[in-house]
Amino acid sequence: MMAVKVGPLQSDSVASFRDVSVDFGPDRALSRVNWDWRWGESVLVVGPSGAGKSTLAMLATGLVPGSVEAQVLGQVVRDKRLSRPGAVGYVFQDADSQFCQIRAGEEVAFGLENTLVDSDRMDDAVRDALTTVGLAIDPHLEHSMLSGGTKQKLALACAMALKPDVLILDEPTANLDPASTHAVFSQVQDLLETGVTVMVIEHKYEALVDRIPWMVLLDRNGSIYRTGPTLKLLNQERDWMLSQGLIVPPRMRDRTRVSLGRPVLQLDDVAARYTRKAPDAIQNVSLAIHGGELVALVGANGAGKSTLLKVMAGLMSPSRGSLVGDSKGVAMGFQNPEHQFVFERVVDELANRYVGNERPDSVSDLLEEFRLGTEAEKSPYALSQGQKRRLSVAVMVQQDRSVYCLDEPTFGQDAATRETIMTRLAFRQEQGAAVIISTHDLDLVENWASRVIALDEGELVFDGSFQDLKQRPDVLARCRLIGGGAEGTVKSTKSRFAIPSDAVKNSAVGRLNPAFKLFSILVAAGFTAFAHRLSQAIPLAVLPIMLLIFFSGLTVGRVTKRLLPFVVFFAMYTWMMTAYAAVGPHTPVVHFLWYRLSYPGFMKGLVLGFRMLAAVAFGLLFVSTVDLVQLVKSLSRNFRVPPRFAYGTLAGLRFFPQFQEEWAKLRMARKVRGREVGWSLGRVVTYALPLLSDAVRLSERVAIAMEARGFVGEAALRSTGRTYYHPSSRGPRDLIFGIVVVGLTVLALWH
Amino acid sequence: MLNRIPLGPRPAAFLIGEVRAVQWKMRDIVLTAIFSALSGAIYLGWDFLFKAVPVANPVAAAAFNGLWWIAGGIVPYVIRRPGAALLAESIGGFVEFALGSPYGIQAFTIGIAQGLGIEMGFMLGRYRRYSPLWVMFSCALGGIGNYVYSYFYYGVNQYTAAIQLGYIVVTMLSGAVLAGLLSWLIARALGRTGVLNNFQGGRDIQPRGSA
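These protein sequence lines are chains A and B, in that order.
Note that my numbering has the first sequence beginning at 1, numbered continuously upward.
Note that my numbering has the second sequence beginning at 752, numbered continuously upward.
Keep in mind the hints are simulated off the structure, nothing from the lab.
A few of these clues could be false.
[Stated by the list, open to error] Heads up, incomplete: computed chain B residues facing chain A, CB under 10 angstroms, no partners named:
id	residue
1	Phe845
2	Val846
3	Phe848
4	Tyr910
5	Ile914
6	Leu916
7	Ile937
8	Ala938
9	Thr944
Heads up, the beta-carbon is just placed ideally off N, CA and C, and yes, glycines get one too.
Based on the provided sequences and hints, a complete structural model is requested.
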């Protein structure tokens, strides 16, 4: 029996659970939970992967059931205060997928719009929120340009702007380097002092044990094992935490006995870049890798670690310098394990061929070792994130190579899984291969690496043992391996979305309301169908070109450059008409090869060509003078498109540039497996799988994040149920533009 | 149940008899946008590929047409909501247009026409029929949308009757295969991975290893 209640107006508990279980389809996420979460009790939730930590948070705050469908048994009572939109602030693991706008200011304002904050007050509210989390950035900056730590602070600002009573942080630092993690945690401590009740879910909880007073321990089955004061529980429950794989016994590993084998990779003054015009992602890298080494590559996000691994694996060729490798070749494991999956079942993936029902012993052993036995028949994509990573490592280490390159092989894994993966890699190392991994995890480096290479801005800044690295605070700070250093807020200066220049924005066409402009241009372009003579079609093409040149702030050169390529295209249409148009019985026809060419056909073709030029020019007039966010908002505001559809579409379109990057990575990853597996027509479908399954999961995350930020009820359903950050740009000029453009089009057809 | 989004007026709500199908969820909308934007990129590539292939016979060229409305096949199949084909094709066409299609703003408007055609198919199935054959049938109707639009805008009305007939038949077949069958194949492969479990369309597909 499910019962979710909203409690009395004032209660002591944020939420209380009586015998609550949560099922997602056949999978039980939480099992018989009894717990009172009191106001003012900030808690740290700790448990192994898959213990239901996120489910607990979503259940407490009302995202389950609702935004996320689930069967809930037992009784949950939530304080009525939580029903206020914005009462719950949420920060998720993946900074990118909780955003749904394009620029930082809009992002903060999204929540304000949902909670009906007055448009005039929004600018101040946005600035206040950014100040609250210590972010001094221009609100007009695209958030895709921000560094990882800054993005999470922005997410915090979005949550804090709504003045929440409860703040949930669901692994907010999983993607961050140690310095950014430190910065986010200090921010959390400051927020605690404002009186908000916080729940933090963290794998790397060590840094928080002094800051968060209460703790909830969840076990593998999704039951609450114990709750209580953080430090007390940590002291008393060491054995339990060991049994759950949350911590591992300290290991004494003698790294000095590593005997260097023969050199397997030699890099000499290597530089590499992604495109011909791009700056070098790594440069001046000279090093030799020997068999028997386990090398850890460390450095800030974007320091060039992944690039260096790709160069070593032979996937990217150096733009300068030389690279000499061993004939046995290099195995490469990518950051996103899905990119490398090529089979429909886990067993086939491990065997690297289709094995049917006959499972080779070697595969059974691997399944056992990597704890994937129960998943053998499943699709690799259906696994949990941790299982996927174990699978991709398992696939890779069974290949017999002299070098193994792995990009963050232990990312997001609990301690026990980290141990499994590293043990396997160390085994290869002992057999004489070289293992090179990139990581942010310094404990892992200390415990396993025989050598550390630190990169900063593409250059090698340290190469030596971990003991020596510890003596170099300058390198540690520079590579963001310790907290305290100043963090650059901006990671890239390249914006993902074309933003109209000021000249364009302030031009006559640029200032128009986007939705009305779209409407006027669509009507005008629609009329082009009625042009049947050249004397009608030519002015129709000239009209938008004139508007482009004189009223849109673009230069003649730019307009020409954008339109010229299409001329070839129109020539083709002209040819189609010349050769295939229906002509009267007495029309002279020229026979050429098997074509019947006619003069009337040629004229019709020209008309069609000019009509298409008009369509392209009208299109360019719109695209080059409009801002996507403004368009979406004005569609909702002025044309009454339900905000769910308008904002939901924007949230989806926002990811388009990201998928272009994913596509490039996927192609590279497939190069590694593709050589081994071969190519067939059926692969076309499986090739689409990594991208599409990514897209599906992203849609779910984005949708949950939007609803968590108050995008529910009237604010999402009705354009009048919310306020808008941008001032309304609607005015008489929109009507005038419509009349002029449509009028001139009709006039061109009339004469 | 708490926090259930109340039903409100929605586009196309009047078209169907069943409440179940009406309720677009937030994730349906975001998925539509992402899938359609990716399709828009494919459309653009197709625009140029189509230009590069030296096919100058309109009937032969029509065989390529179907891929231009694949978003209208795969999105409705996955999310199963009224209006899905129309929305998907509008977004797909818009992205194709915004990325610099040689068809200009007509890439957007023809997308709407194709989407309307496909939508007719799913509407005839009362938004309850999503078998592979029905998806192919609906996507073939997308070809009618394409034909009507091309009739007025791309000079198809100028062709001889025989060529026009050939054009529409080949276009519909192309739609059934390149938009319909391909959508179904991809969606089924996707469904078997289990990632579609939270979507209406994923519930029909048995994920691997779950038996």
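Hints versus structure:
For Phe845 of chain B, the suggested interface contact is upheld, since its CB lies about 9 angstroms from the closest CB of chain A, less than 10 angstroms. Proximity of Val846 of chain B to chain A holds as hinted, the smallest CB-CB distance being about 7 angstroms (cut-off 10 angstroms). With a least beta-carbon distance of about 6 angstroms to chain A, the hint placing Phe848 of chain B at the interface is held under the 10 angstroms criterion. For Tyr910 of chain B, the suggested interface contact is upheld, since its CB lies about 6 angstroms from the closest CB of chain A, less than 10 angstroms.
Taking 10 angstroms as the C-beta contact cut-off toward chain A, the hint placing Ile914 of chain B at the interface holds, the least distance being around 6 angstroms. Because the smallest distance between the Cβ of Leu916 of chain B and any Cβ of chain A comes to about 12 angstroms, over 10 angstroms, the interface hint for this residue is violated. Here the hint on Ile937 of chain B is kept, as its CB sits about 6 angstroms from the closest CB of chain A, short of 10 angstroms. For Ala938 of chain B, the interface hint holds, since its Cβ comes within 10 angstroms of a Cβ in chain A; the closest pair sits about 9 angstroms apart.
Hint on Thr944 of chain B holds. Least Cβ distance to chain A is approximately 4 angstroms, under the 10 angstroms limit.
Figure legend: structure checked against the earlier numbered hints; the only hint not met is number 6.
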